[in-house]
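Listed below, chain by chain, are the residues.
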Amino acid sequence: DAGVTQSPTHLIKTRGQQVTLRCSPKSGHDTVSWYQQALGQGPQFIFQYYEEEERQRGNFPDRFSGHQFPNYSSELNVNALLLGDSALYLCASSLAFGLDTQYFGPGTRLTVL
Amino acid sequence: DQQVKQNSPSLSVQEGRISILNCDYTNSMFDYFLWYKKYPAEGPTFLISISSIKDKNEDGRFTVFLNKSAKHLSLHIVPSQPGDSAVYFCAASETSGSRLTFGEGTQLTVNP
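Protein chains in written order, with the numbering used here: chain A, 1 to 113; chain B, 1001 to 1112.
Check the hints yourself; a few may be wrong.
[Said to hold, decoys possible] The calculated lysine-lysine pairs, modelled on DSBU-like cross-linking and capped at a C-alpha distance of 35 Å, are:
| id | chain 1 | residue 1 | chain 2 | residue 2 |
| --- | --- | --- | --- | --- |
| 1 | A | K26 | B | K1056 |
| 2 | B | K1054 | A | K26 |
| 3 | A | K26 | B | K1005 |
| 4 | A | K26 | B | K1068 |
These are calculated hints, taken from the structure and not from any lab test.
Model the full structure from these sequences, guided by the hints.
Written as structure tokens, this is what we have:
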């Protein structure tokens, strides 16, 4: 039973560029959440997708956007990258919206130069 | 506004002894609480959770206690093992599966 997978593992971009991160949920899960973890801090909620729609959103600017596909996989897009966007981006999946524990992938380490 | 706080950045215990990690919260709407463990270069791993209708939940060596009146929860690990050395995050949500609010984490080191 495959767990949550994310790609790529590491990514280096320069300021102003755009980036797309990908996530495949745990088998059978239909809800995907994205979190940003800065160095030395706990993960911060970005948004959650269920039935291909954004259901909840944290305090992140519109430069952060996402998408969920019919197979429940998801993408996180960040436009106009800033140095402060350098972080570990974590994807979590759960079985049903509002009813199940979230399980995390290994994360994508984004470095913005 | 830090709604979930872990006031101890680090904790060191001897193998075989009890590890107690603490967490405080301010949001009265939180009704589901979780502990995650994180190793370097890995994502957080779910350990144990508790609903606000309970005050204790136990799973093997791990026990979580919830004191709603004090808005405080703790994770007890007995006995502690060197493999337990990791960063432990406390998290809370208003409903199970909803957005999680995390604390800053506590680095636990279990010495052989």
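Checklist line | Hint check, failures only | finding: none
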